[in-house]
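In the order they appear, the protein sequences are chains A and B. Residue 124 in the numbering used here sits at position 124 of the first sequence, and the numbers go up by one each step. Residue 9 in the numbering used here sits at position 9 of the second sequence, and the numbers go up by one each step.
DSBU-like cross-link-like pairs, simulated, lysine-lysine; straight-line CA separation at most 35 Å: (1) B:K117 to A:K131; (2) A:K243 to B:K117; (3) B:K137 to A:K222; (4) B:K2 to B:K118; (5) B:K78 to B:K213.
Note that these hints are calculated values from the structure, not bench results.
The residues making up each chain are set out below.
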Amino acid sequence: MSIFLDKNTKVIVQGITGREGLFHTNKMLAYGTQIVGGVTPGKGGTTIESGQPVFNTVKDAVDATGATHSIIFVPPFAGADALWEAYEAGITLAVCITEGIPAHEMLRVVATTPGMRIIGPNCPGIISPGKSIIGIMPSQVFKQGNIGMMSRSGTLTYEIVDGLTRAGFGQSTCVGIGGDPIIGTTFVDCLREFANDPETVAVVVAGEIGGSDEEDAAAFIKEHLPNKPAVAFIGGRSAPKGKRLGHAGAIISGNSGTPESKLAAFAAAGVPVADRPSEIPGLLAARLNVHA
Amino acid sequence: MKLMEYQGKDLFRRVGIPTPSGVFATTADDVKTFITEHPGSWVLKSQVMMGGRGKAGGIKFADDAAQGETLAKELIGKHLVSIQNPDGETVKSLLVEEKVKIAHEAYVSIAIDRAAKKPVIIVSAQGGMDVEEVAEKHPDAIVKAWVDPAIGFSPFLARELFFAAKLPAGYGKTFPKVVGALYDMFMTYGANLVEINPLVLTEDGAVIASDAKVELDDNALFKHPDIAGWNKAAPTDEDQAAGVAIGLGMSNYAKFSDEPGEPPKNVGTIANGAGLGMGTMDAVKNAGGGAANFLDIGGGAQAELVKNSYKLVTSDDRVTAMFINIFGGITRGDQVALGIVDALKGDDVRKVPLVIRLTGTNAEEGRKILADAGFFPVETMDEGAAKAVALANGGSN
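In isolation and in its complexed conformation, chain A is listed as follows (with noise of 0.2 Å):
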């Protein structure tokens, strides 16, 4: 088991012919997710170089293959044209790369899609670890395993899961969950899967400053999660106030989205939050009762 998908995830891509598209499906094919076709308007009936068929229409791929899940690289105007577009064909689960999609496009499609799973936008995407990739992340830093992680970052949970490989922490499921102000799937959305995937006996999450979604998980994990030790990571905690990074998530703004306030929700929770990532995989493995 995993959550969100594995290794019989059918998937399609959207903008499968555009660089970023196409570069990233020859990658997931190679890990061996089962993408079964793509999209790109104009140029339905041709296929990729690995044979994959591209349609005019997200339906018309749904009708076709059959996939339940996509991944999106289209421009940030696009975005929720593209999203609206999934959902309309019955796609159960969208990853949605796209960076620079307008927050209120994306209040409007989270407001309008019930029932279908939106992971980001601006996010790496997931992993099943020696399953299926539908995602960006170099797939050779993780390694099969149950330790269930999820980030608001992509470059952050490279090292996060880099070190948790390294102890040998494999990983059941990584979610990226997207640095954005509205994105669809939250950490306490994941831990809602994890908590009932039996192959993930911990959970990992690496959050960072702005916003109340750590706050939110800390609760979540204290009351549905007490047979899963979880560890937490708070990224940004240096950060002055009013100064937005990176992400367009990443902003303290008066007393909201404070380090102290998530340090003191994940304290309450009884969840140990590591000071740098090189210490995830030790608190881990105390929690845990095994060897790092």
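Fit chain B to the supplied structure of chain A, relying on the hints for placement.
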């Protein structure tokens, strides 16, 4: 992108929210000419981003053209300092506005509630003062309503808020129209925040937006190229302008001020990715030092951008050592290393001791290239941060 008051009011007028009559002025002559042509009492409001402008002496009243000219000369070029903004801000322009006769001051704003994933409308009958202060002292005086984006704004929301906030009856009929227009503006222009404080009820019974605080989502600016240009005309954030000038994203560079009781911020940092960038500055702090900045070079770092980022960070005189932290994924470590070495060959950069942490794809090859060129390649983030802090403070490693 934050807007100045006069820019925010421009958007208010576009959606039909009444604002005081007046004129935008950049010289004392403009003010004199305007008041000569429009005799009466006028308010001169300094156009600055900072809060606490009134207490800092940035608002003056003029009863005739001569007085207006004198006060304008005094204000334009003045450096305003307030408690909220100890660094202060220099006044470059004024908004000259009619003095409205105030019967009541209310507060209304719309912001994005991230957790609810909905816009939230916030209303208080206690306008004209700092809303955070009101929230602290009289939490009951603040009422909220969430808009379902699938439905959009409907006047009942404003009516509920009107009654819950106990606004004076005089606001009654106009209030839903103002809130509806504000919501239109919020969605159309893609705002993170629109705030009217105060929303004035005049003695004549009119409802007028006396101030405007507007912050737009940078990602939505492409829809409104005319507004995107406002930012260029008047760069509102020096860090943002400096980063964009070398080809970085809007929020990929931020400089941090020194703070009393904390180690000097003398370590420059560069990383690939926002999360790793934040992790890098945290690592510097954990190592007992202070990061002078945050800089996310983004994916697929090119040699030229590395060089320009290095130049930008070292243009800060406080920086006495640099820590470059790269986690190679799709980016190959040897290519990054070659880029760094090549970029720093020239004499046109201020050179400071440089620590480079390189891991991921082809990291070993990369570290060898760096070591051969005389840099300090390290394997882990903690090790690199410790070394950079030591070098910044005059140590050898």
